[in-house]
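A.B. asks: Here the protein sequences line up with chains P and Y, keeping their order.
Sequential numbering from 1 applies to the first sequence in my numbering.
Sequential numbering from 1 applies to the second sequence in my numbering.
Do not rely on the hints blindly, as some may be mistaken.
Over the 12 Å line for every Cβ pair with chain Y, so calculated as not near, a few chain P residues [to be verified]:
{"no.": "1", "residue": "Ala17"}
{"no.": "2", "residue": "Glu21"}
{"no.": "3", "residue": "Phe24"}
{"no.": "4", "residue": "Ile27"}
{"no.": "5", "residue": "Ser266"}
{"no.": "6", "residue": "Gln277"}
{"no.": "7", "residue": "Glu292"}
{"no.": "8", "residue": "Ile370"}
Output of the computed footprint for chain P on chain Y, the stretches with three or more beta carbons under 8 Å from beta carbons of chain P [to be verified]:
{"no.": "9", "stretch": "24-37"}
{"no.": "10", "stretch": "69-79"}
{"no.": "11", "stretch": "106-119"}
{"no.": "12", "stretch": "144-157"}
{"no.": "13", "stretch": "177-186"}
{"no.": "14", "stretch": "221-234"}
Hints listed in this document are in silico derivations from the structure and should not be mistaken for laboratory results.
Everything numeric in this text was worked out from a predicted model, so none of it was measured.
A virtual CB, placed ideally from N, CA and C, is assigned to each residue, including glycine.
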Amino acid sequence: MNHTANSKGFYGNFGGAFIPEMLFPNIDELKRVYLQTINEPSFQKELKVLLNDFVGRPSPLYYSRNLSEKHSANIYLKREDLNHTGAHKINNTLGQILLAKRLGKKRIIAETGAGQHGVATATVCALMNMECIVYMGKVDTERQMPNVERMKLLGATVVPVTSGSQTLKDATNEAIRDWINNPENTHYIIGSVVGPHPYPEIVTLFQAVISKEIKEQVKEKTGKEYPDYVIACVGGGSNAAGAFYHFIDTDVKLIAVEAAGLGLQSGKSAATTALGQPGILHGSKTLLMQTEDGQVVEPHSISAGLDYPGIGPLHAHLFETGKAKFLYVTDEEAINAGLELTRTEGIIPALESAHALSALNQLTFKKDDIVVINLSGRGDKDMLTYLEHYKNI
Amino acid sequence: MKNTNRIHNLFQTKKKNILSIFFTAGFPEISNTVAILKELQNSGVDIVEIGIPFSDPIADGPVIQQSNQRALENGMTLNLLFEQLKDIRKEIKIPILLMGYINPVYQMGIENFLKKCSDIGIDGVIIPDLPPEIYEEQYKTFFKQANIANVFLITPKTSSERITYLDSLSEGFIYLVSSSGTTGKDAQFHEKEYLRIRSMNLRNSLLIGFGISNYASFQKACHSADGAIVGSAFIKALQKERPIEQITPFINSLLKPQTVTG
Ligand SMILES: Cc1ncc(COP(=O)(O)O)c(C=O)c1O
């Protein structure tokens with residue numbers, strides 16, 4: 001099974017670098033240096049120290065007694081919510097800022113939807129004293145105001161994007177345009193396993209620390225080599241790619257959970273594998289929610305981090321080959337799973353992660369199964385949504 | 001290639017100051033396509049590039065982005081565009097290219113797309129986000145079979161080695177992006193790089209595009225290449241009241257120095 005991209009950047013039928021020629025020098029430079037740079041001992045060492053002491057890794061693998069009892073299995077939560085800045089996103093931004101430094105770049109751009117990747121980027125830019133520009137759909141700047149303020153406090157410039165539907169996909173377009181216009185001094189820190197090759201692979205490699213730790217922690221806590229299930233939500237798919245990475249060639253059952261929004265048939269959904277067709281967006285061939293005419297459709301999810309009309313090419317490949325099983329969780333189901341964890345374990349999960357939790361209800365386990373759920377982030381950013389829902393029940 | 005005769009003939013018979021105009025299909029009104037084409041031909045334009053609107057035009061600045069969005073809101077689709085162009089060769093004799101992002105073309109299916117192009121008499125296609133490596137591997141034979149020219153982009157930053165490669169694949173002409181950037185920004189001319197590119201003696205003619213907006217920039221581009229492509233500035237002209245009536249004065253303003261009237 002091929003879980004690294006081939007030399008042309010393809011995972012099976014998906015991936016590649018569908019970029020205008022203006023971006024060729026940037027992508028070519030990145031392609032030539034990224035693997036070698038990332039594998040340098042001095043790079044690895046600097047990254048490891050920061051992951052440990054700045055981010056707080058390894059993140060704990062927590063045995064959830066209540067969920068285990070309820071679902072008659074051994075259920076563990078991989079606590080990415082305990083990372084600095086509150087989500088897995090920082091694993092990638094830290095790796096990429098070190099890469100940018102070695103490329104001699106002075107200016108960092110990023111796109112963000114919910115603001116988690118924007119905050120994680122602004123944080124590492126503050127740490128490394130780099131200029132930081134974050135593109136965010138105007139609609140998102142309004143619904144995620146606290147994260148906008150956080151980014152500004154960290155010294156970033158937040159640019160509200162007013163083109164198209166004014167959300168994540170348009171913020172990504174705008175970041176790509178910035179990169180086309182500032183090819184020399186700028187590195188684009190993309191926030192998920194999407195975009196032109198080699199981005200999906202770079203982000204996967206930086207997130208792969210999640211499954212590396214899960215493997216060690218499962219061994220330590222249970223004596224087994226592998227868990228039976230790993231469950232993660234998929235927006236673009238970076239936390240899932242990281243949680244799956246070291247298990248792709250094994251028998252571990254990989255469960256990817258997409259946002260069904262108001263329901264798969266409601267017209268308000270972000271379930272790309274259920275509703276999408278192969279297509280090309282943001283520089284890679286992948287599954288894409290689109291019209292028959294090839295126009296990209298605006299998705300819907302209660303969770304801004306899952307509100308993306310595509311998925312990374314690795315996930316499209318895992319879906320096509322059946323290597324990962326894709327499940328769909330509605331807004332309502334996700335909120336309820338989030339509230340349940342809040343009340344039974346004292347952990348308020350991000351709404352994205354709550355989708356992964358809710359997938360437990362769609363699976364049946366054997367008694368001694370070891371099930372790991374990647375708790376990709378904490379729910380502080382989602383308080384308003386939780387409260388609104390809570391009032392109504 | 002027999003069907004690229006119109007582009008080929010043009011470059012055979014006209015050696016300089018070639019003017020190519022880009023507009024977005026379905027903008028400002030969905031029914032404007034044929035009227036714009038006629039007016040462009042009448043006003044002396046050499047080539048037209050019809051933009052296929054797309055929801056996510058990453059290489060375009062605000063003017064073309066907005067024209068795309070408006071065209072989609074108007075209901076323009078690739079199928080409808082082909083329908084509008086069905087009988088276009090009865091009246092329009094100048095070369096016509098379709099320019100757009102890969103996804104709508106991919107959804108239609110490349111063979112189907114190319115067949116429709118060749119049935120109508122479209123001469124060439126420009127797909128900025130179709131990389132040459134993929135074109136060569138998966139698309140080239142279909143383009144050859146359909147006799148449709150595929151035009152590649154280069155920039156002042158493109159290495160000579162890569163230009164040689166792109167020149168070997170490109171048919172019709174090569175689209176030289178004035179300065180690496182998105183569309184609609186004022187062109188910055190990189191004369192030294194243009195000279196490097198010209199001195200390579202490419203098999204294709206060169207047209208400079210992106211940021212060409214008036215007589216002065218058109219002249220400058222023509223000084224360094226066989227001609228130029230105007231997009232955003234033309235779309236801006238179409239944003240005015242009675243867009244079709246704007247066309248001839250706009251083209252005249254590109255071709256002749258302007259005397260200030262007041
Ligand atoms: C906590 C959390 N989980 C998941 C995601 C979805 O992104 P990905 O699928 O790349 O992990 C986000 C994105 O903002 C997030 O903030």
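A.B. asks: Take the hints in turn and mark each one as holding or not.
C.D. replies: Okay, the hints, checked on the actual structure:
1. Ala17: At roughly 6 Å from the nearest Cβ of chain Y, Ala17/P sits no farther out than 12 Å, so the non-interface label is violated.
2. Glu21: 4 Å, violated
3. Phe24: Answer for Phe24/P: violated, closest chain Y Cβ roughly 7 Å.
4. Ile27: 10 Å, violated
5. Ser266: At roughly 21 Å from the nearest Cβ of chain Y, Ser266/P sits farther out than 12 Å, so the non-interface label holds.
6. Gln277: It is violated; Gln277/P is separated from chain Y by about 7 Å at its closest Cβ, not greater than 12 Å.
7. Glu292: It is violated; Glu292/P is separated from chain Y by about 7 Å at its closest Cβ, not greater than 12 Å.
8. Ile370: 41 Å, holds
9. 24-37: Since three or more residues must qualify, the claim that chain P covers the stretch 24-37 of chain Y is violated, with 0 doing so at under 8 Å.
10. 69-79: Coverage by chain P holds here, the residue count being 5 at a Cβ distance below 8 Å.
11. 106-119: Since 3 is at least three, the answer is holds.
12. 144-157: holds (count 5)
13. 177-186: Answer holds; 5 residues pass the 8 Å Cβ test.
14. 221-234: Answer violated; 0 residues pass the 8 Å Cβ test.
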